[in-house]
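Novice: Okay, here's what each chain looks like letter by letter:
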Amino acid sequence: MNCQQVDEHIFSYIDSKLAPSLSSDLESHIAHCEDCRAKLDFARMETDILCNELFMPTLHDTFTADVMAAVGNNQMIGPTELAATRNHRAWYTRTPFWLVATAAAFVLLVYTISPDFLAPDTKIANQQSKDLKVAERNVASNAVIGGETTKKLKQDSQNESMQDEVSIDEPSSFSLPAETAIDETGNQVRTLAGAVPDEVNNELMKQRQSSPDRDRNDASVLKAPISSTMPKVINMPASFEIVNSAKQTDGWTFTYEGDGKQLTVSLASANVPMAMIVKPEAAATDSSACVGAACEYVVNKKSAVNSVNRSVVIDNVNYELILTGELSVEELQALAERLIIEK
Amino acid sequence: MISDESLAIDTLNGDLSAFEELVNRYKHRVFSIVYRLMGQYQEAEDVTQEVFINVFEKLYQFDADKKFAPWIYRIASNTSISALRKKKNVIVVDFDEVPQVAYESTIAGESYNPQHLYEREELKGLINDAITELPESYRMVIILRYQMDLDNQEIADILDISKENIEVRVHRARKALRQIIQKRWEERGMANELPASR
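Read top to bottom, the protein sequences are chains Y and L.
Going by the numbering used here, the first residue of the first sequence is number 1, and it counts up by one from there.
Going by the numbering used here, the first residue of the second sequence is number 1, and it counts up by one from there.
The set of hints was computed from the structure by calculation and includes no laboratory data.
We treat Cβ as the ideally placed atom computed from N, Cα and C, and that holds for glycine.
Among the clues, some could well be false.
With a cut-off of at most 35 Å between alpha-carbon atoms, the simulated DSBU-like pairs for lysine-lysine come out as follows [to be verified]:
(1) L:K86 x Y:K247
(2) L:K86 x L:K58
(3) L:K163 x Y:K17
(4) Y:K17 x L:K67
For the chain L half of the interface with chain Y, some residues (derived, Cβ under 8 Å), not all of them [unchecked claim]:
(5) N24
(6) I53
(7) N54
(8) F56
(9) I142
(10) Q147
(11) R174
Stretches of chain L that chain Y covers, calculated by requiring three or more beta carbons in the stretch to come under 8 Å of a beta carbon on chain Y [to be verified]:
(12) 17-23
(13) 37-48
(14) 122-131
Start from the sequences, fold in the hints, and give me the full structure.
Specialist: This is the structure in structure tokens:
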């Protein structure tokens with residue numbers, strides 16, 4: 001062994017991780033090389049400091065009490081309740097992995113080819129609605145005497161059809177259903193963080209029309225600093241702007257901010273049990289209990305319609321959507337029902 | 001003594017005192033990881049608390065057939081890195097804001113000459129500073145190997161890399177640390193040449 005090789009193996013030797021034959025060679029070299037002996041002594045001193053003498057402040061005495069108080073005061077559904085869900089194993093943990101992976105890959109493939117495949121009812125309903133409106137227009141135009149008026153109504157009818165075409169291909173991003181967006185007095189009410197008024201939606205539609213990335217049906221994607229290797233969260237409300245995206249050890253995390261609140265969308269490969277809302281139990285009935293605190297909603301893969309859209313299979317690992325943020329459980333749930341994860 | 005894994009199961013069965021015992025057993029070790037990664041006392045303490053809340057919430061995911069320590073270290077690592085990315089600024093260790101628990105030197109009784117002693121103290125300061133300048137992945141592997149005294153398999157599980165790559169990463173981390181130390185040593189104009197630079 002020469003001096004250069006000693007340099008290559010010196011740390012493994014000190015840490016007792018070097019193969020015995022190499023250790024013997026190194027010791028033989030050191031026996032007659034003063035420089036390498038000095039290097040070894042120095043590396044040992046470094047290691048000793050790293051192991052035993054690094055500066056380390058101590059935690060405050062109240063740390064444990066603080067943690068226990070935080071655990072108790074947050075009224076979280078703790079591990080006790082969650083453990084109860086453990087025995088209730090999800091279908092995907094009882095089904096052979098290859099079958100789940102194949103099925104998921106097939107669904108994703110089909111969905112990639114034809115997004116309408118997973119929502120045929122929506123397409124049919126939209127088509128029926130469109131046909132009905134056209135029929136109504138035609139009836140109305142037949143009742144009007146005068147060429148100009150008939151012509152105008154026909155134009156309106158065509159415009160309506162074009163708008164319907166747009167809404168089929170690019171479902172409206174995030175306006176709430178009318179009954180939840182308008183109160184009894186006719187004023188618009190905010191029942192979902194991120195719900196946006198019509199004028200914002202209209203502006204968003206204009207942006208999409210003029211955007212080179214118009215195939216995306218979401219403004220946040222246009223701004224998102226997401227790398228091409230990451231899955232993409234689409235259909236995020238326009239009032240939420242993506243501020244960070246990061247690859248984690250077990251998935252991806254996207255941070256959004258909007259309306260004075262922060263929201264984290266995570267895709268995690270952790271073995272998440274089905275059917276649970278983690279975080280204040282009270283919040284299930286009282287949304288105010290969750291506002292201002294961190295809330296978490298783990299999407300239940302099994303219960304929701306088209307829930308497959310909110311999970312993504314990458315390299316045979318099934319990632320699940322987890323939403324956390326300063327939103328109520330209801331808000332998170334409403335959001336979760338709208339989000340689509342795309343890879 | 002009740003094992004960590006048994007305490008985790010007891011916690012899952014509703015025994016909060018078992019979780020309290022886990023906090024007491026791991027708070028200093030978790031804080032060591034978090035503090036080295038975060039670099040600032042108050043932030044490190046906040047993140048350490050967040051780690052234990054995460055542990056409590058995710059305890060149902062813990063596989064009691066495996067060791068508890070690597071699992072909690074992994075959560076500590078992920079939580080710290082996530083906090084760092086949110087912070088996105090330069091890490092500066094502010095020693096003034098830290099409770100005055102100074103270095104616990106182990107060399108007091110050893111018979112080093114004054115020059116050697118002085119250089120060792122200098123080196124200790126340099127290493128403390130240099131660690132904060134290392135990239136996250138190097139810092140983490142140094143902490144787990146030398147401060148947590150974990151074996152390669154445990155480190156591999158925490159960092160989610162292969163066991164075979166651990167030695168390579170440790171070696172690179174040590175070399176990177178050495179380069180920083182060497183640079184600082186020369187900047188301070190120390191009388192003796194660093195033995196490693198010969």
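Novice: Okay, which hints does this one fail, numbers in order?
Specialist: Violated hint (a single one): 7; every other hint is consistent with the structure.
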